[in-house]
Amino acid sequence: MNKVPKWVDVALIPLANLVLALLVSGLVVLWIGENPLKAMQIIVQGSLGSAYGLGYTLYYATNFVFTGLAVAVAFQARMFNIGGEGQALLGGVGVALVCLFINWPHWLLALPVAIAFGALFGAGWALIPAYLQARRGSHIVITTIMFNFIASALMVYLLVNQLKPAGQMSPESGPFVPGAHLPTAHEMLAWIGIGFPKSPPVNVTFIVALIACVLVWLLIWRTKLGYAIRAFGHNESAAQYAGISSFRIIMISMLISGGLAGLMAINSVMGEAERLLINSVQGAGFVGIAVALMGRSHPLGVLLAAILFGVLYQGGAELEFELPAVTREMIIVIQGLVILFTGALENMVRIPVENYFVRRGTGAR
Amino acid sequence: MDLLIVVQLLDSMLRLSAPLLFACLAGLYSERAGIFDIGLEGKMLASAFFSAAFAASTGSVWIGMCAGLTASVLLALVHGVASITFRGNQLISGVAINFLASGLTALVGQNWFKLGGRTPSLAGDARFLPVELPFASAVADVPVLGPIYSELLSGHTVLVYVGLLAVPATWWILFRTRFGLRLRAVGENPEAVDTGGISVARLRYQATLICGLLCGLGGAYLATGMAAGFIKDMTAGKGFMALAALIFAKWRPGYALYACLLFGLLEAIAIRYQSIEIQGVGTVPVQFMQALPYILTIIILAGFVGKAIPPRAGGEPYVKEL
Numbered sequence: 000m001n002k003v004p005k006w007v008d009v010a011l012i013p014l015a016n017l018v019l020a021l022l023v024s025g026l027v028v029l030w031i032g033e034n035p036l037k038a039m040q041i042i043v044q045g046s047l048g049s050a051y052g053l054g055y056t057l058y059y060a061t062n063f064v065f066t067g068l069a070v071a072v073a074f075q076a077r078m079f080n081i082g083g084e085g086q087a088l089l090g091g092v093g094v095a096l097v098c099l100f101i102n103w104p105h106w107l108l109a110l111p112v113a114i115a116f117g118a119l120f121g122a123g124w125a126l127i128p129a130y131l132q133a134r135r136g137s138h139i140v141i142t143t144i145m146f147n148f149i150a151s152a153l154m155v156y157l158l159v160n161q162l163k164p165a166g167q168m169s170p171e172s173g174p175f176v177p178g179a180h181l182p183t184a185h186e187m188l189a190w191i192g193i194g195f196p197k198s199p200p201v202n203v204t205f206i207v208a209l210i211a212c213v214l215v216w217l218l219i220w221r222t223k224l225g226y227a228i229r230a231f232g233h234n235e236s237a238a239q240y241a242g243i244s245s246f247r248i249i250m251i252s253m254l255i256s257g258g259l260a261g262l263m264a265i266n267s268v269m270g271e272a273e274r275l276l277i278n279s280v281q282g283a284g285f286v287g288i289a290v291a292l293m294g295r296s297h298p299l300g301v302l303l304a305a306i307l308f309g310v311l312y313q314g315g316a317e318l319e320f321e322l323p324a325v326t327r328e329m330i331i332v333i334q335g336l337v338i339l340f341t342g343a344l345e346n347m348v349r350i351p352v353e354n355y356f357v358r359r360g361t362g363a364r
Numbered sequence: 000m001d002l003l004i005v006v007q008l009l010d011s012m013l014r015l016s017a018p019l020l021f022a023c024l025a026g027l028y029s030e031r032a033g034i035f036d037i038g039l040e041g042k043m044l045a046s047a048f049f050s051a052a053f054a055a056s057t058g059s060v061w062i063g064m065c066a067g068l069t070a071s072v073l074l075a076l077v078h079g080v081a082s083i084t085f086r087g088n089q090l091i092s093g094v095a096i097n098f099l100a101s102g103l104t105a106l107v108g109q110n111w112f113k114l115g116g117r118t119p120s121l122a123g124d125a126r127f128l129p130v131e132l133p134f135a136s137a138v139a140d141v142p143v144l145g146p147i148y149s150e151l152l153s154g155h156t157v158l159v160y161v162g163l164l165a166v167p168a169t170w171w172i173l174f175r176t177r178f179g180l181r182l183r184a185v186g187e188n189p190e191a192v193d194t195g196g197i198s199v200a201r202l203r204y205q206a207t208l209i210c211g212l213l214c215g216l217g218g219a220y221l222a223t224g225m226a227a228g229f230i231k232d233m234t235a236g237k238g239f240m241a242l243a244a245l246i247f248a249k250w251r252p253g254y255a256l257y258a259c260l261l262f263g264l265l266e267a268i269a270i271r272y273q274s275i276e277i278q279g280v281g282t283v284p285v286q287f288m289q290a291l292p293y294i295l296t297i298i299i300l301a302g303f304v305g306k307a308i309p310p311r312a313g314g315e316p317y318v319k320e321l
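The listed protein sequences correspond, in order, to chains A and B.
Taking numbering that gives the first Met the number 0, the leading residue of the first sequence gets 0, the next gets one more, and so forth.
Taking numbering that gives the first Met the number 0, the leading residue of the second sequence gets 0, the next gets one more, and so forth.
In short, the hints are calculated from the structure, not lab data.
Note that the structure is a prediction, hence the values are computed from the model and not measured.
All residues carry an ideal CB built from backbone N, CA and C; glycine is no exception.
Treat the hints with care, as some may be off.
[Said to hold, decoys possible] Partial chain B-side listing against chain A, Cβ under 7 Å, derived: (1) Arg86; (2) Phe98; (3) Gln205; (4) Ala235.
Could you put together the complete structure from these sequences and hints?
Okay, structure coming up:
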């Protein structure tokens, strides 16, 4: 069988899909009467052109790394975890419990416990859908969608009836203890004498996200379990004949996935808001789908795609200031187009490109 | 609880379940033909926006509805191209469509009307107005049956009645016509349909288009019947609740009506009462009522109460043998 060169698979096809998505986005910008090239320039300038913009870009990217890894790990086992949104919400509850009721002396002590609780709560929210898929065959996509809605109802209940301090109007928890404050890039870079603006919320969690990428890579490509997960994802029945338990793989991959989604709360809840808000996730769970698709479910790809979406989110916020006609929602459109072209319409580009390279390959020999 | 409250609750149940019913039947056609559709939400949203936008600018609710149907059908076509022609992942395509609709409606809405993503409020002919059934006011004073007829059954917009009639129509189409038989077959065993010399792709496109039309009606009802205009993300998960109802109904039209009415009733109760006291249990928070449709669906999906088995070829792109 003729195989296409690897760079075509990992770089050319995703890039071609991205270009298509951006082209159509450009048409949308033209349609509402603005200049797409100017919009593009504002996005890049606003997200990468200053330390301030970069700080926000990396903050968003940190969120997307976690939710992207969550979707990617599940994809490896051919599970479509669409419940990152709910799992990240619940991760926020876990993180908030750690940071509200324990008077931490130092963030270095608080962080590992918060990571454990965020992951535990996120994984807990994936537990029932995972079990139902593994034991009863209930479709994971439908159950995780339902759990997203249940999570947001639970969140309202928890904040309005339980965690909201008495006498406060807005449905949010009280502020976290000072000892749970994570150092921001401003504070961390000051230790080594580098100046960085104070307001961007990018914080030490970015490093946690990088470590998570490495760990996921090790897990999937360097352990026996990772091999089992990939084998299961490629061919379920072959994996079963090889003695791999589908129950075990579905449970483990979904729990890891939920745990990773829950970790997003370290960045958004503990790192930025420092209190539990009613919607701390703001769609990042869904961005994770686009990120995992773009990144072809590989941690390095996820990291790059997460930064790309960080650029879009931060640049999109700037866009609204500069070109009032192009509102924030443009980002949602681009996100939808990226998912459409890299995910659903993948074969539209892949089949002709592969045919071209396969034909060229046979011609050369 | 006296009769009037019951009648009012049931009345808002009918109102609230109509959009669910349209989307649920839409999903029924699509999934029965083997095309999973989690983009019901997006199609409804697009239709809601374009029907309100065109109704606002032309003053005619019918022109608005046509615009809404067009938008919804176009998105359905995108789904069809992705999942039938290019054999893409149907779930991912649905997710993409939801994002496209959510982003585009808000973006274009702000661009056209400068009202923060809303359309102007609709009034008069730009809206579907309540239809009074014959003799509704005449029999209003008749005890028991009077209020049931004049309050509960009468006084809805025409689309509510269309939705209710669509249920037997769907049953008839799916289970009493040749088209319906083929449509169901293509969702269970496309190879057999193909062997019979019938185009799988054509049938699936037809189902996708019907799905688009029905979602379009649901969206038009939301923005021009139930509400007086479009607001950002106004479907608020109704497309997903319809999906839940579809599973709850085990992909059958009659049950779909009951499921949508049940979910509509839960919503009506949640809107009317902030919390409910049940003796011996305590207070049920309103959020629980809002989450109940999803919890019930999980229980049904888990197969503890009558297992829901989806069409066998659902979600699988069909690859024709050479």
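Checked hints:
Restraint check, Arg86 of chain B versus chain A: the minimum CB separation of about 6 Å is within 7 Å; hint holds. Using the Cβ-Cβ criterion of 7 Å, the hint placing Phe98 of chain B at the interface with chain A is satisfied: the shortest such distance is roughly 3 Å. Hint on Gln205 of chain B is violated. Least Cβ distance to chain A is approximately 20 Å, over the 7 Å limit. Interface restraint check: Ala235 of chain B against chain A, minimum CB-CB distance 10 Å, threshold 7 Å, status violated.
Comparing the model with each numbered hint stated earlier shows that hints 3 and 4 do not hold.
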